[in-house]
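J.: Keeping the supplied structure of chain A fixed, place chain B upon it in accordance with the hints.
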Amino acid sequence: AQSVTQLDSQVPVFEEAPVELRCNYSSSVSVYLFWYVQYPNQGLQLLLKYLSGSTLVKGINGFEAEFNKSQTSFHLRKPSVHISDTAEYFCAVRSRGGGNKLTFGTGTQLKVEL
Amino acid sequence: DSGVTQTPKHLITATGQRVTLRCSPRSGDLSVYWYQQSLDQGLQFLIQYYNGEERAKGNILERFSAQQFPDLHSELNLSSLELGDSALYFCASSGTGNTEAFFGQGTRLTVV
Chain A
1 AQSVTQLDSQ VPVFEEAPVE LRCNYSSSVS VYLFWYVQYP NQGLQLLLKY
51 LSGSTLVKGI NGFEAEFNKS QTSFHLRKPS VHISDTAEYF CAVRSRGGGN
101 KLTFGTGTQL KVEL
Chain B
115 DSGVTQTPKH LITATGQRVT LRCSPRSGDL SVYWYQQSLD QGLQFLIQYY
165 NGEERAKGNI LERFSAQQFP DLHSELNLSS LELGDSALYF CASSGTGNTE
215 AFFGQGTRLT VV
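Line order of the protein sequences matches chains A and B. Sequential numbering from 1 applies to the first sequence in my numbering. Sequential numbering from 115 applies to the second sequence in my numbering.
If we strip away everything but chain A, and leave its shape as in the complex, we get (with noise of 0.2 Å):
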């Protein structure tokens, strides 16, 4: 079995300043590990993911994230927000052997400001 926690569940954030939304994660299994995006009224978005390789993966509209297996975390980054951010984020892994089902956090709901 998977758990994901999101320790934060709001963040506040000025324009143009960095991010950091948390993300840890317990599995007895190895993992694969995704951050999705949800604008309001709308579906989940993948922003990125890590299956294996480079601890330090890129995704769309300038995030990334980072995966550290000793801490068991995958950290969500973005170096200057901006008002379009403004979204819930969610976490999730899911097993490698499996299919593609999915184990949420229970999001992070960034709002930028001016």
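None of these hints come from the bench; they were simulated from the model. Be careful, since some hints might not be right.
Distance condition first, Cα-Cα at most 27 Å in a straight line; then the derived BS3-like pairs of lysine-lysine [to be verified]:
no. : chain 1 : residue 1 : chain 2 : residue 2
1   : A       : K58       : A       : K111
2   : A       : K49       : A       : K69
3   : A       : K111      : B       : K123
4   : B       : K171      : B       : K123
5   : A       : K49       : B       : K171
6   : A       : K58       : A       : K69
FRET-style restraints, in silico, Cβ to Cβ [what the hints assert, rightly or not]:
no. : chain 1 : residue 1 : chain 2 : residue 2 : range
7   : A       : E66       : B       : L175      : 35 to 41 Å
8   : B       : H124      : A       : Q45       : 16 to 22 Å
9   : A       : E64       : B       : S152      : 27 to 33 Å
10  : B       : N173      : A       : F14       : 34 to 40 Å
11  : B       : E168      : A       : R77       : 35 to 41 Å
12  : A       : S54       : B       : S193      : 46 to 52 Å
13  : B       : K123      : A       : G62       : 25 to 31 Å
14  : B       : S152      : A       : K111      : 20 to 26 Å
15  : A       : S28       : B       : T224      : 37 to 43 Å
16  : A       : Q10       : B       : I126      : 25 to 31 Å
17  : A       : E66       : B       : G130      : 28 to 34 Å
18  : A       : A1        : B       : L175      : 17 to 23 Å
19  : A       : E66       : B       : N191      : 37 to 43 Å
20  : B       : L197      : A       : Q45       : 26 to 32 Å
Far from chain A, some chain B residues (derived; all Cβ distances over 10 Å) [stated by the list, open to error]:
no. : residue
21  : V118
22  : L125
23  : T127
24  : T129
25  : Q131
26  : S138
27  : I174
28  : F183
29  : D185
30  : L197
31  : A215
32  : V226
Quick caveat, the model's predicted, so the values are computed rather than measured. We put the CB at the ideal spot given by N, CA and C, even for glycine.
T.: Below, chain B without anything else, positioned relative to chain A:
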């Protein structure tokens, strides 16, 4: 646009009623997944179908059922609805070799 289509977008119904949510996966994707997003439970996996057969089951209530048809579209049936069933229901699909799932826009169900 993910290529996954869900209908209807919104649904309002009364307690005790039954509704059917429909999902058309991306062209060629054999797997369909259903998720429920509610304020108190967050995003929860309900059930997965692969090429017409149930593949995995999550926190799906007995009042809920799903199926996948030969043309690969899927339906989620919710019966004896309760106020607590009000949520956003997402469908996702993936194909062989995909390491990610592609989500539809969701169906917002409101039970009054």
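J.: Does the hinted range 28 to 34 Å hold for E66/A and G130/B at CB?
T.: Given a distance of about 49 Å, which is not inside 28 to 34 Å, the answer is violated.
J.: Once the closest CB in chain A is found, is it more than 10 Å from L197/B?
T.: At roughly 21 Å from the nearest Cβ of chain A, L197/B sits farther out than 10 Å, so the non-interface label holds.
J.: Checking a non-interface call: every C-beta of chain A should be farther than 10 Å from the C-beta of A215/B. Is that right?
T.: Per Cβ check, A215/B is inside 10 Å of chain A; nearest 4 Å; violated.
J.: Can the suggested window of 27 to 33 Å be confirmed for the beta-carbon pair E64/A and S152/B?
T.: holds, 30 Å
J.: Between E66/A and L175/B, does the beta-carbon spacing fit 35 to 41 Å?
T.: holds, 38 Å
J.: Next pair to validate is K49/A with K69/A; report whether the Cα-Cα distance is within 27 Å.
T.: Answer holds: K49/A to K69/A is near 15 Å, not above 27 Å.
J.: Falls inside 25 to 31 Å, the C-beta gap from Q10/A to I126/B?
T.: Since Q10/A and I126/B have Cβ atoms about 29 Å apart, the given range 25 to 31 Å holds.
J.: A cut-off of 10 Å on Cβ-Cβ distance, and Q131/B was said to be off the interface with chain A. Does that hold?
T.: holds, 24 Å
J.: Would D185/B pass as off the interface with chain A, using Cβ distances and a cut of 10 Å?
T.: holds, 20 Å
J.: Sort out whether K171/B lies within 27 Å of K49/A, counting only the CA atoms.
T.: Holds, at roughly 24 Å.
J.: Report holds if the minimum CB distance from V226/B to chain A is greater than 10 Å, and violated otherwise.
T.: Holds, because the least Cβ-Cβ distance between V226/B and chain A comes to about 20 Å, which exceeds 10 Å.
J.: Over 10 Å from every CB of chain A: does S138/B meet that, or does the non-interface label fail?
T.: Answer for S138/B: holds, closest chain A Cβ roughly 14 Å.
Checked against the numbered hints above, the structure breaks hints 17, 21 and 31 and satisfies the rest.
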